[in-house]
Structures are given as structure tokens and as C-alpha cells.
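Asks: Using the hints, position chain B against chain A.
2 protein chains.
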Amino acid sequence: MSGKKPHEDISIEFKEYHTPSSGIFFKASKQLYKQDSPYQKIEVIENEHFGRILLLDGLIQTTEKDEFFYHEMLVHPAFLSHPEPRSVLIIGGGDGGVLKEVLRYPVENVCLVEIDSQVIKVSQEYFPWLSPCLKDERTELVIADGTEFIEQTNKTFDIVCVDSSEPVGPSKSLHEEDFYQNMKRCLNSRSIIVAQTGSPIFHQNSIKLKNRFLKKIFKVVCFYMSPVPTYPGGSWAFVFLSDSVQSLEINGNPPEGLLYFNPDIHRAAFSLPNFFKNELD
Amino acid sequence: MSGKKPHEDISIEFKEYHTPSSGIFFKASKQLYKQDSPYQKIEVIENEHFGRILLLDGLIQTTEKDEFFYHEMLVHPAFLSHPEPRSVLIIGGGDGGVLKEVLRYPVENVCLVEIDSQVIKVSQEYFPWLSPCLKDERTELVIADGTEFIEQTNKTFDIVCVDSSEPVGPSKSLHEEDFYQNMKRCLNSRSIIVAQTGSPIFHQNSIKLKNRFLKKIFKVVCFYMSPVPTYPGGSWAFVFLSDSVQSLEINGNPPEGLLYFNPDIHRAAFSLPNFFKNELD
Numbered sequence: 000m001s002g003k004k005p006h007e008d009i010s011i012e013f014k015e016y017h018t019p020s021s022g023i024f025f026k027a028s029k030q031l032y033k034q035d036s037p038y039q040k041i042e043v044i045e046n047e048h049f050g051r052i053l054l055l056d057g058l059i060q061t062t063e064k065d066e067f068f069y070h071e072m073l074v075h076p077a078f079l080s081h082p083e084p085r086s087v088l089i090i091g092g093g094d095g096g097v098l099k100e101v102l103r104y105p106v107e108n109v110c111l112v113e114i115d116s117q118v119i120k121v122s123q124e125y126f127p128w129l130s131p132c133l134k135d136e137r138t139e140l141v142i143a144d145g146t147e148f149i150e151q152t153n154k155t156f157d158i159v160c161v162d163s164s165e166p167v168g169p170s171k172s173l174h175e176e177d178f179y180q181n182m183k184r185c186l187n188s189r190s191i192i193v194a195q196t197g198s199p200i201f202h203q204n205s206i207k208l209k210n211r212f213l214k215k216i217f218k219v220v221c222f223y224m225s226p227v228p229t230y231p232g233g234s235w236a237f238v239f240l241s242d243s244v245q246s247l248e249i250n251g252n253p254p255e256g257l258l259y260f261n262p263d264i265h266r267a268a269f270s271l272p273n274f275f276k277n278e279l280d
Numbered sequence: 000m001s002g003k004k005p006h007e008d009i010s011i012e013f014k015e016y017h018t019p020s021s022g023i024f025f026k027a028s029k030q031l032y033k034q035d036s037p038y039q040k041i042e043v044i045e046n047e048h049f050g051r052i053l054l055l056d057g058l059i060q061t062t063e064k065d066e067f068f069y070h071e072m073l074v075h076p077a078f079l080s081h082p083e084p085r086s087v088l089i090i091g092g093g094d095g096g097v098l099k100e101v102l103r104y105p106v107e108n109v110c111l112v113e114i115d116s117q118v119i120k121v122s123q124e125y126f127p128w129l130s131p132c133l134k135d136e137r138t139e140l141v142i143a144d145g146t147e148f149i150e151q152t153n154k155t156f157d158i159v160c161v162d163s164s165e166p167v168g169p170s171k172s173l174h175e176e177d178f179y180q181n182m183k184r185c186l187n188s189r190s191i192i193v194a195q196t197g198s199p200i201f202h203q204n205s206i207k208l209k210n211r212f213l214k215k216i217f218k219v220v221c222f223y224m225s226p227v228p229t230y231p232g233g234s235w236a237f238v239f240l241s242d243s244v245q246s247l248e249i250n251g252n253p254p255e256g257l258l259y260f261n262p263d264i265h266r267a268a269f270s271l272p273n274f275f276k277n278e279l280d
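As they're listed, the protein sequences go chains A and B. Residue 0 is where the first sequence starts when you use numbering that gives the first Met the number 0, and the numbers rise one by one after that. Residue 0 is where the second sequence starts when you use numbering that gives the first Met the number 0, and the numbers rise one by one after that.
Looking at chain A on its own, in the form it has when it is part of the complex:
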């Protein structure tokens, strides 16, 4: 009777609660990684349908099968609207999915600021899209707290993508007013910020509060929505922020080969259902 080898086939059930009485479950055929970093519990499991799944503190961050919904929709709306994006800042996003989408464009430099170097290492090993992105000479990797980075940097960026995890744990400050206020330091007159803002179904209060303080800071504050099958409720909300570029302005072309995004989707994503519009009034 021998013990289990690492990476041996298993059948563990992972559950993520979306409310105290409901959620999503996955059977893992393999647990590929499980370790606490100084910031959070990092896990990689393998599921028959969704492939590899990255969990931080038990919450699904990305899956091989459906990562494109979230990553395309965090990146391409800003790039379609910006007339000439050259310098890009990604806050968070250590799994590399946002970076992969950004590098589809002829940008000059992309700075990825991730607080947890362990997330980068794990993603490099288990998520095949990250390693080539890190080797791209336009990529600069900074291991730092995103809030401190924007307080200290002297650079400005055409597009900033805030790919935070939920407002618990290390990402908490990335959801607060000060963070967005300080971000003005890193912007030029045509800059666009995009950020994930949680579930339009389960996180309505936090979206409502965020909308209120963002309107004090930016002239253009436009929320948009997209399906993300493995996130709570299957839909996710994002916000497009700028002082000069309107969200429905189309100044660019999407790159070839996208699985989700196209210019019709861009316009459609900013059309909000009544219950969501009512939250923003």
C-alpha cells in the first residue's frame, strides 16, 4: 500500500460559494499545485471539461477553456477605443491572460505589476500562454503592490488594465477610491483605464459605491458586461474610465483570431440591462 504520488490522478470536488447557499462545483482529476504564498493560497487543478484551473484563496481566477471571455473583454474594448495605444500598464494579472491579449497589438511597452511572484511562477509552469509573453521584449515585469507602484512611478500609460482579484485579501486596495485617485498621476490626456468590477448580479452594492466615487474622479465612467461562464452568475462587470475618450468611440481594429470580441460586441457590451442601469443612477 503506497502513498499517493504528487500529481497522481484524484477525484476531489472543488466548490466555490457564490452565495451562502449556492455556487459552482468542479471535479478535479488532478491537483497540480497547492501552496500558500505570503499573500494567498494558490491552487491549480485539472478538470476534464475546463482544463487547468487557477484558484486564489479558493476562488476561480481563470480556466484554460473559458479564459478568453474575461481576458478579451478586459482588454479589447479599451484598445478599440484608444486611437494609438503605445504604453500599457497591467495591475495584477499575474496569470498572464491579460498580457497575452495586450501583446496582440503593436504596443511599445507593457508593464505588468503583480504583488505575488508565486502567482507568476505557478502560471509560467501551468498556464501555457504566460511564458512566451514574459519573453516578449516589450514586457517589463514588476513584483510590487499595485497601489504603491502607482503612487511612486514617474511613467504615464495610454491604457491601464486593472486585473484584480476580489476585494478581499491582497487586492482590497485596488477597489478603493484612493487607488483610482492616485492613478491620475499615471495618465496622459488620452488615457483609458479598464477594471473588472465584480458580478453585476451578486456584487451590486460594491458596483454602486464604485460608480459613485469613480464619477468624482473621471469624466467618462461606463460600465460594461460580458459572460464569463465560470465566474459567479456567469456574467461579469467591467468599467471603462477616461477623461477624454468616449467608450463607444471606435478608433482601432481588433486583432485577428479573437474568440469572443468584435466591434459589434463592443457596442453591445455597453448596453446595460435595466436592473444594472438602475444601480448606477
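No lab work stands behind these hints: they were computed from the structure. This structure is a prediction, so every number in the text was calculated from the model and none was measured. Please note that a few of the clues may not be correct.
[Stated by the list, open to error] Label pairs and their in silico Cβ distance ranges:
1. B:Asp135 / A:Asn277: 21 to 31 Å
2. B:Lys215 / A:Asp135: 42 to 52 Å
3. B:Glu15 / A:Leu208: 27 to 37 Å
4. A:Ser188 / B:Phe212: 32 to 42 Å
5. A:Ser130 / B:Lys276: 27 to 37 Å
6. B:Phe212 / A:Thr152: 52 to 62 Å
7. B:Phe212 / A:Gln123: 45 to 55 Å
Quick reminder that beta carbons are idealized off the backbone N, C-alpha and C, glycines included.
Replies: Chain B only, in chain A's frame:
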């Protein structure tokens, strides 16, 4: 030691598998109903967040909390496009959610054809929106097989809503070519049919096949999408069919008080992501 009383508080976990290795779970604080009808297993459970949930053969049909996503999006796109809908046929929909949305309009008559009278009885008891709809003098309730009804009726309808369950069990024939071919008998020159067509994420093959045969039968075949948080993948696909009315034609106004639908959402819903468009080519 006494046995459990009916409707006693419980804490059972209900799971719906969306793939063989993943799905959604709910804790039921009460099991309000559980019985096999001649057609299917009917259950009503109560969940703290979603309220009452109707399950047929273990699959979630509707929940109190999020029913509006599906029901509004099955009904209002057709009504916004049709210039003057007077007579409406609902195939399936025994829970009454579609009927509720249809009766918001000044229609003259609505015929609801449900195969399973037990679904009607259960919904009348547990889903508060159904009973007033059945009392509405414009409503005619027919307990019959939808496929047989359309083969035999002499009536025609301005709008037909196909609110089937999945293509297993009693709804199987409502997903087949013959059903749509025969439906031409019930249409006039300006009729619109709308039908749920499954998950754009998990049921791509069935959507592909359906698109192929529908294109042989109807001049206008336009798929659209909407979030439905408690359905597999959190997004659902629908199809808009007509021989004369274009899906983006707007001839009417949506009624007051909708939680999801508005004219912007109408246009947005028909903007399909690349992966879905590719399935339809």
C-alpha cells in the same frame, strides 16, 4: 423519534451537472414538492438566495429571483419587432413566466399549450405569478403535446414562443425539424417565432444543427444571447424566426417595469461573439 413532516426545514444539496465534471449546486432550506408526473419528475425547492426553484427531471427551469432574465428575453425581442401582436401561442411554459411577460401587452388572446398538467398545478401553488395569468380572460390553457397541437390547430398566431425544456424527455420533439416545418401552418405573413435553443457554451452542436434546418424553413433566422445566471454557463441562446420581420426592426415599445429588457438590450443581444458566429457559418 418522529418522521419528517412535509415541508419541514431541511438542508439538502441539489446539484445540476453541466458537464460530466462540473455544475451548479444549491442548498435547499425546504423541499416544497416532489412527485413524478406521467412525463417527468417535478420538484420545487426553496433556496435562501434564489427563492423557490422549479426543477424538472433534476434540471433547473426557473427560480423566483432570476426568472426575469430568461422570461423577458424569450418574450420581449419578438414583441418589440412585431408591429401589432394580437394572437400569441406559447408552447410549453407551464410555469407561467412567459405568459406573465406576454400579458404585459394589449394582446387579444394567448394560447398556452403545456403537455404536463401537473406542472401547471404545481406552479399555480408555488409560483405566485402564474395564478393571476390563468385568470386573465385572454388566456386559453390547452393541455396537449405541442407538436400535435400545431399539426392540428386551424388558428394562426402573430407570435409563437417555444418555451421548451431540454431536448430530452417530453420536450424532445420541440427541438426537431418537423416541429418547425409544421409550425408554418400556424403562421401568418408577419409572424415571428422565438425559441430557447440551449447553452451557447455547452450545446454548440445542437445549435449548429438547428441553425442548419431552420435556415431551410425560414427567411430570417437570427440567434441571440442573454445572461441567465442559474442556467448552465450563465448565458442562454434563443432564436428569432420569421419570413418577413427582421430581428433588428423595432416597431413597438417595451412595457414599463421590466428588470432586464430595453431597446438597447434588444440590439445588443443579437450581436454575437466570434465563437458563436463561427458555429453558425
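Asks: Could you run down the list of hints and mark each one as holding or not?
Replies: Hint check:
no.	hint	result
1	B:Asp135 / A:Asn277: 21 to 31 Å	holds (28 Å)
2	B:Lys215 / A:Asp135: 42 to 52 Å	holds (48 Å)
3	B:Glu15 / A:Leu208: 27 to 37 Å	holds (33 Å)
4	A:Ser188 / B:Phe212: 32 to 42 Å	violated (54 Å)
5	A:Ser130 / B:Lys276: 27 to 37 Å	holds (31 Å)
6	B:Phe212 / A:Thr152: 52 to 62 Å	holds (58 Å)
7	B:Phe212 / A:Gln123: 45 to 55 Å	holds (47 Å)
Checked against the numbered hints above, the structure breaks only hint 4 and satisfies the rest.
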